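Peer 1: Based on the sequences and whatever the hints tell you, model everything.
Protein chains in written order, with this note's numbering: chain X, 1 to 328; chain E, 1 to 282; chain L, 1 to 571.
Since the hints were derived computationally from the structure, they do not count as laboratory data.
Keep in mind it's a predicted model, so treat the numbers as computed, not measured.
Careful, some of the hints might be misleading.
[Said to hold, decoys possible] With a straight-line cut-off of 20 angstroms between C-alpha atoms, the simulated EDC-like cross-links for lysine to aspartate or glutamate are:
{"no.": "1", "chain 1": "L", "residue 1": "194", "chain 2": "L", "residue 2": "368"}
{"no.": "2", "chain 1": "E", "residue 1": "274", "chain 2": "X", "residue 2": "319"}
{"no.": "3", "chain 1": "E", "residue 1": "274", "chain 2": "X", "residue 2": "230"}
{"no.": "4", "chain 1": "L", "residue 1": "136", "chain 2": "E", "residue 2": "54"}
{"no.": "5", "chain 1": "E", "residue 1": "28", "chain 2": "E", "residue 2": "81"}
{"no.": "6", "chain 1": "L", "residue 1": "133", "chain 2": "E", "residue 2": "40"}
{"no.": "7", "chain 1": "L", "residue 1": "462", "chain 2": "X", "residue 2": "293"}
{"no.": "8", "chain 1": "E", "residue 1": "182", "chain 2": "X", "residue 2": "68"}
{"no.": "9", "chain 1": "L", "residue 1": "194", "chain 2": "L", "residue 2": "332"}
{"no.": "10", "chain 1": "L", "residue 1": "462", "chain 2": "L", "residue 2": "520"}
{"no.": "11", "chain 1": "X", "residue 1": "220", "chain 2": "L", "residue 2": "524"}
{"no.": "12", "chain 1": "X", "residue 1": "217", "chain 2": "L", "residue 2": "520"}
{"no.": "13", "chain 1": "L", "residue 1": "194", "chain 2": "L", "residue 2": "374"}
{"no.": "14", "chain 1": "E", "residue 1": "256", "chain 2": "X", "residue 2": "295"}
{"no.": "15", "chain 1": "X", "residue 1": "122", "chain 2": "X", "residue 2": "142"}
{"no.": "16", "chain 1": "E", "residue 1": "75", "chain 2": "E", "residue 2": "134"}
{"no.": "17", "chain 1": "X", "residue 1": "282", "chain 2": "E", "residue 2": "147"}
{"no.": "18", "chain 1": "L", "residue 1": "309", "chain 2": "E", "residue 2": "55"}
{"no.": "19", "chain 1": "X", "residue 1": "58", "chain 2": "X", "residue 2": "84"}
{"no.": "20", "chain 1": "X", "residue 1": "325", "chain 2": "E", "residue 2": "266"}
{"no.": "21", "chain 1": "L", "residue 1": "177", "chain 2": "X", "residue 2": "251"}
{"no.": "22", "chain 1": "E", "residue 1": "28", "chain 2": "E", "residue 2": "133"}
{"no.": "23", "chain 1": "E", "residue 1": "209", "chain 2": "E", "residue 2": "62"}
{"no.": "24", "chain 1": "X", "residue 1": "138", "chain 2": "E", "residue 2": "62"}
{"no.": "25", "chain 1": "X", "residue 1": "138", "chain 2": "E", "residue 2": "54"}
{"no.": "26", "chain 1": "L", "residue 1": "133", "chain 2": "E", "residue 2": "54"}
{"no.": "27", "chain 1": "E", "residue 1": "256", "chain 2": "X", "residue 2": "293"}
{"no.": "28", "chain 1": "L", "residue 1": "372", "chain 2": "L", "residue 2": "55"}
{"no.": "29", "chain 1": "X", "residue 1": "264", "chain 2": "E", "residue 2": "278"}
{"no.": "30", "chain 1": "X", "residue 1": "138", "chain 2": "E", "residue 2": "55"}
{"no.": "31", "chain 1": "X", "residue 1": "164", "chain 2": "X", "residue 2": "50"}
{"no.": "32", "chain 1": "E", "residue 1": "44", "chain 2": "L", "residue 2": "234"}
{"no.": "33", "chain 1": "X", "residue 1": "123", "chain 2": "E", "residue 2": "246"}
{"no.": "34", "chain 1": "X", "residue 1": "226", "chain 2": "X", "residue 2": "207"}
{"no.": "35", "chain 1": "E", "residue 1": "209", "chain 2": "L", "residue 2": "176"}
{"no.": "36", "chain 1": "E", "residue 1": "274", "chain 2": "X", "residue 2": "303"}
{"no.": "37", "chain 1": "E", "residue 1": "269", "chain 2": "X", "residue 2": "319"}
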Amino acid sequence: MILVIVEQREGKLNRVSWETLTAGQAIAAETGWPLEAAVVGGSVAAIAAEVAGKKVAKVSAVESAKLEPYTPDSFAAALKQFIESKQPKLVLMPHTYQVRDFVPKLATAMGRTVISDAIGYKKEGEKMVFTRQMFQGKFVADVSFAGDAPWFVTFQNGAFRGDKVEAGAAAAPVETVAVEIADGVVRNKPQEVFKEAKQAVDLTQAEVIVAVGRGIKEQKNIEIAKQLAEALGGELAASRPICDSGWLPMDRQIGSSGQTVAPKLYLALGISGAIQHIVGMKGARTIVAVNKDSEAPIFEIADYAVVGNLFEVVPPLIEEIKKAKAGA
Amino acid sequence: MLIHVGEAWADDPVFNETLRRRQESFVKILVCMKQVPQKDAPLKLNEGGTWIREDVSYEVNEPDAYALEEALRQKEKHSGEVVVITSGPARASQVLREALAKGADRAIHLEDNAFVGLDAYNTARAFAAAIKDEKFDLIFTGLQSDDYGYAQTGVILAELLGWPHATIIMQIEKQDAGIRVKRELEAGFFQFVDMPLPAVLTIQSGINKLRYATLIGIKQAKNKPMRKVTMAEVQTAIGENLQKIEKLYIPQKTKKTEMIQGSPGEMAKKLVEKLRNEVRVL
Amino acid sequence: MLVFRTPLENIDRPQMEADVVIVGGGPAGMACALRLSQLIDEHNSKNPDAPLSKENIYVLEKAREIGQHCLSGALLDPRSMRELLPGFEKEAPLDAQCNKEGVYFLTKNGKFKLPITPPPLRDHGNYVISINKFVKWLGSKVEETGITIFTGFAGSQLLYDGNRVAGVRTDDKGVDKENHPKSNFEPGYDLKAKITILAEGTRGSLTKELINKFDLAKDRNPQTYGVGVKELWEVPSGRIAPGEVIYTMGWPLTTKKYGGAWIYGSKDNLVSLGFVIGLDYPDPRLDPQHVLQDFKQHPFVAKLLEGGKMIRYGAKSMPYGGWWAVPPVAGDGWMILGDSAGLVNSQRLKGIHLAIKSGMLAAETAFEALKKNEASAATLNEYQKKVDSSWIKDELWKVRNFHQAFEKGFLNGMFHAGLQQFTGGRGLWNRYPAHAGHERMEKLSQLPADGGSEAHLLGPAKGDGKLTFDKLTDLYHSGTKHEEDQPSHLVIADTNVCNARCAKEYGGPCQNFCPANVYELVDDATQPHGKRISLNPANCVHCKTCDIADPYQIITWVPPEGGGGPNYDGM
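Peer 2: Here it is as structure tokens:
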């Protein structure tokens with residue numbers, strides 16, 4: 001059986017869980033193993049019901065008052081009990097900050113291991129093999145489990161398409177599972193979660209990045225790139241010369257002397273594609289390049305190439321994006 | 001920590017209170033560090049395609065340098081001892097030497113080529129065995145390693161030791177009965193967590209500026225204790241790896257570049273259609 | 001706003017006493033440290049009651065790791081290594097033994113092999129080495145003997161006590177782009193040394209400071225330099241044998257210029273190849289990296305490299321001036337070794353063995369000084385006497401006039417070189433004059449607008465990405481990295497000269513002669529010629545070409561924050 005642990009935070013489903021469910025459905029189809037899901041928390045009936053609308057055999061609502069707020073001690077204890085009772089072969093989770101915080105503990109408590117941050121899987125004969133990036137994306141590794149099930153795997157954000165998750169023909173059965181967490185198990189006392197303007201921008205977390213290069217010509221022109229980023233709900237970034245000139249702060253720099261990113265979408269405006277920049281972004285899922293030089297090296301790694309003047313292309317692009325977002 | 005005081009000071013209440021506070025706040029921190037191939041080093045696969053060729057330049061795993069920096073700051077604030085530990089071949093001692101030069105007090109080197117091939121679970125078990133006679137208040141690790149990127153060793157170590165832990169920590173404050181840490185969450189959210197000691201923390205990168213080793217520090221480092229631990233000493237604590245790298249390879253991208261053509265307005269429309277239907281960001 | 005690196009004033013600097021400070025951990029510096037250690041060990045075993053200490057002998061190396069900034073072809077003449085460490089061949093990392101040499105004259109598509117390899121270029125008995133690996137090994141031997149090598153620390157200024165050199169100040173760390181201390185600021189140390197030994201390699205910055213301060217070059221020929229641009233390639237097996245040595249002259253250079261290429265077969269299917277060009281060419285648009293790319297397109301070279309992969313790139317200047325350009329090498333509290341002193345045999349294109357020997361001789365002098373516990377000019381002058389009576393002088397004397405004759409062109413140079421062969425180096429006059437290379441650069445107004453016969457060497461190379469590369473792509477393979485937030489270590493005395501004069505007169509030759517894309521004239525409508533000088537100091541590979549070739553001589557290269565620079569693994 002494949003068990004997908006869906007993530008919730010303070011009563012809200014973390015949408016990246018749909019990606020994990022998609023992965024689970026795909027593996028289930030290939031292996032023939034049944035697929036179940038579980039939600040863990042204080043009171044998660046509503047979320048479990050939402051998950052039950054997808055194509056799964058069963059959804060378990062793993063509940064205990066001690067599971068709210070999240071602590072690694074409570075989650076590991078609860079899931080250990082639950083998983084021992086269920087005996088799945090494969091336990092899948094999204095590679096979120098929260099999962100990173102408890103799943104190695106959970107696996108260790110059960111004498112098992114986690115293949116974390118996987119980007120795909122392969123079935124080689126009877127063996128399941130999981131692919132993950134190594135050396136900051138320079139290589140990929142096919143990793144297999146050498147010990148007994150349950151096998152824990154966490155999937156990288158964006159590795160699977162959350163929008164492709166299959167709906168169920170009818171709602172799956174939901175079972176509430178009350179877990180016992182003894183006093184003294186939970187040692188951390190978390191306080192209220194709060195938002196803070198971050199000092200530095202962490203481009204590695206952005207799903208969409210709009211990056212500018214020399215082609216932007218002047219500092220004031222960065223404004224249209226900023227508008228494009230906003231329209232797409234993404235972050236603004238730049239190649240080295242832009243940051244060197246002080247037009248954007250250094251924490252927005254992408255490349256060998258800046259950050260390495262692998263977002264869902266990387267839009268390169270007026271960037272030639274020197275190798276120093278490419279190594280910082282070639283792991284992006286989709287690369288769109290706008291440059292008026294048809295020979296610019298960036299086009300060699302672009303999925304979509306727009307050979308044109310960015311000042312003529314970007315304004316209508318912003319308009320079309322706004323229309324698309326407002327319309328459908 | 002023994003201090004000999006002259007008679008005149010022995011009775012001074014302010015002096016004694018300060019001394020008591022310093023002794024109470026004395027904190028012993030272990031920092032787990034790893035040596036990884038240099039970030040921009042051109043890496044090549046080995047013959048079997050299961051690992052990289054080792055003839056490259058190495059450096060300290062950058063996240064671990066931030067963990068060390070935080071430990072040194074805590075030591076400066078509260079007085080204490082910072083011990084650094086690593087596992088790996090002889091070359092890995094460089095990382096420990098640099099840490100000692102920056103102000104760490106002692107080093108432990110699990111020295112053997114075989115440590116390179118251990119998975120995170122085994123590495124954590126080896127560390128736990130090596131420190132079984134020590135009494136640390138805190139164990140720091142970096143966020144994750146630049147080579148594997150698993151982000152597991154610290155959390156596994158906490159479970160093995162039976163200690164509480166917290167990950168991606170930005171800030172640590174001592175409190176009367178433990179510590180208050182600031183945890184980073186996704187999307188610009190943060191959270192304070194109160195924890196008892198002893199505890200394991202994985203430290204966020206970039207929270208402090210890294211200090212430089214000084215000439216004096218480098219000279220003094222030569223005389224600081226470096227304990228070597230052989231594989232034999234921890235053999236009983238570890239077992240077979242629970243996971244295996246079947247193959248390591250260069251990602252092949254079958255990239256077909258699609259040209260978007262037409263007038264700027266037409267190109268914008270076509271691109272948006274792609275972004276919506278194929279890329280799915282709209 | 002460009003802010004240049006200047007040592008911070010009015011700060012407390014830690015003081016450290018030293019017996020000997022060796023600035024530079026290359027072959028000369030390491031050989032010096034090792035020899036000194038041997039002499040001390042020998043002395044201590046004979047005088048157990050009055051031992052000398054190694055505790056206060058330091059080597060300062062600006063690279064993060066030993067050997068990281070070392071680059072050369074290289075071919076090692078084992079003569080001095082055999083003196084330093086008899087039997088060294090058994091443990092040193094020697095890649096191949098030279099067994100086959102060929103000197104070729106190239107035309108655009110053809111080649112003509114010289115029927116006899118000129119004796120100076122015969123390399124039988126020499127070894128193909130990677131100087132980076134060799135120095136790493138030598139450095140490990142130095143560390144084993146207990147001498148401290150501080151890596152990641154640069155010698156940024158000399159300390160003086162009147163006219164005496166009293167030591168070295170190391171680099172200030174943690175200084176931001178505006179030259180202000182950051183929160184992790186660490187002031188440079190004042191290393192008060194009895195003996196300061198400068199082994200900085202080509203165009204050493206402290207050496208330059210010393211020479212200027214004491215006018216050490218006054219009776220000498222001006223030092224002249226070349227720049228070598230190198231690529232390390234991995235080629236399909238069988239293309240070239242390990243130990244095969246090839247030199248080429250001619251294409252792509254015209255007969256007016258001095259230069260040529262080397263191709264050395266190393267082990268593991270590695271090929272070291274590079275082009276050396278004298279930094280005295282007339283056209284400011286000439287780009288040495290472009291010359292190398294052109295060279296590779298010659299059918300002979302292209303065939304050798306086909307299907308191969310370029311794995312590393314780098315560049316370094318080298319002194320050509322010969323014996324007449326060597327300054328006094330010892331003085332009150334100081335000695336100069338190796339390339340910093342200009343001890344290079346430009347005819348044989350070898351200097352590593354001379355660097356090592358000079359290190360050994362300086363060590364012997366330093367040892368005597370330590371025993372006597374005084375390092376006056378008279379005592380340290382023993383080193384000058386040793387050099388003057390050693391085989392360093394013998395070898396360099398015979399080629400003392402070699403390079404100068406090439407100032408008037410290739411044919412002229414060859415003619416005089418031939419004469420010098422038969423006259424023990426004298427040629428027509430005992431001392432041929434020389435001119436500083438930068439003085440020979442011509443203004444754009446004096447040159448054909450399209451470059452004339454040299455057009456193919458001018459401006460940036462485009463590169464096809466397989467056999468040839470543009471400069472940025474090549475540069476990526478130098479592994480060069482620096483702390484970004486620091487002031488520019490390329491110190492330009494007056495940027496108005498760049499913007500108001502050079503932009504017009506020479507068109508900004510720094511953009512072309514720098515092998516690392518550090519310099520750029522960017523558009524700026526507010527400037528007299530519409531261009532403004534802009535720098536990318538983080539790209540620097542520490543070759544010193546700019547310090548040498550700038551026609552106005554307003555660029556001074558100073559060491560950036562220690563630890564930064566190229567990563568010449570395997571070079």
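Peer 1: If a hint holds in the structure, say so; if it doesn't, say that too.
Peer 2: Okay, the hints, checked on the actual structure:
{"no.": "1", "hint": "L/194 - L/368", "in the structure": "holds (13 angstroms)"}
{"no.": "2", "hint": "E/274 - X/319", "in the structure": "holds (15 angstroms)"}
{"no.": "3", "hint": "E/274 - X/230", "in the structure": "holds (18 angstroms)"}
{"no.": "4", "hint": "L/136 - E/54", "in the structure": "holds (16 angstroms)"}
{"no.": "5", "hint": "E/28 - E/81", "in the structure": "holds (5 angstroms)"}
{"no.": "6", "hint": "L/133 - E/40", "in the structure": "holds (19 angstroms)"}
{"no.": "7", "hint": "L/462 - X/293", "in the structure": "holds (14 angstroms)"}
{"no.": "8", "hint": "E/182 - X/68", "in the structure": "holds (19 angstroms)"}
{"no.": "9", "hint": "L/194 - L/332", "in the structure": "holds (10 angstroms)"}
{"no.": "10", "hint": "L/462 - L/520", "in the structure": "holds (17 angstroms)"}
{"no.": "11", "hint": "X/220 - L/524", "in the structure": "holds (15 angstroms)"}
{"no.": "12", "hint": "X/217 - L/520", "in the structure": "holds (15 angstroms)"}
{"no.": "13", "hint": "L/194 - L/374", "in the structure": "holds (8 angstroms)"}
{"no.": "14", "hint": "E/256 - X/295", "in the structure": "holds (16 angstroms)"}
{"no.": "15", "hint": "X/122 - X/142", "in the structure": "holds (9 angstroms)"}
{"no.": "16", "hint": "E/75 - E/134", "in the structure": "holds (17 angstroms)"}
{"no.": "17", "hint": "X/282 - E/147", "in the structure": "holds (18 angstroms)"}
{"no.": "18", "hint": "L/309 - E/55", "in the structure": "holds (17 angstroms)"}
{"no.": "19", "hint": "X/58 - X/84", "in the structure": "holds (17 angstroms)"}
{"no.": "20", "hint": "X/325 - E/266", "in the structure": "holds (18 angstroms)"}
{"no.": "21", "hint": "L/177 - X/251", "in the structure": "holds (15 angstroms)"}
{"no.": "22", "hint": "E/28 - E/133", "in the structure": "holds (13 angstroms)"}
{"no.": "23", "hint": "E/209 - E/62", "in the structure": "holds (12 angstroms)"}
{"no.": "24", "hint": "X/138 - E/62", "in the structure": "holds (17 angstroms)"}
{"no.": "25", "hint": "X/138 - E/54", "in the structure": "holds (15 angstroms)"}
{"no.": "26", "hint": "L/133 - E/54", "in the structure": "holds (15 angstroms)"}
{"no.": "27", "hint": "E/256 - X/293", "in the structure": "holds (19 angstroms)"}
{"no.": "28", "hint": "L/372 - L/55", "in the structure": "holds (17 angstroms)"}
{"no.": "29", "hint": "X/264 - E/278", "in the structure": "holds (12 angstroms)"}
{"no.": "30", "hint": "X/138 - E/55", "in the structure": "holds (17 angstroms)"}
{"no.": "31", "hint": "X/164 - X/50", "in the structure": "holds (16 angstroms)"}
{"no.": "32", "hint": "E/44 - L/234", "in the structure": "holds (12 angstroms)"}
{"no.": "33", "hint": "X/123 - E/246", "in the structure": "holds (13 angstroms)"}
{"no.": "34", "hint": "X/226 - X/207", "in the structure": "holds (15 angstroms)"}
{"no.": "35", "hint": "E/209 - L/176", "in the structure": "holds (12 angstroms)"}
{"no.": "36", "hint": "E/274 - X/303", "in the structure": "holds (11 angstroms)"}
{"no.": "37", "hint": "E/269 - X/319", "in the structure": "holds (9 angstroms)"}
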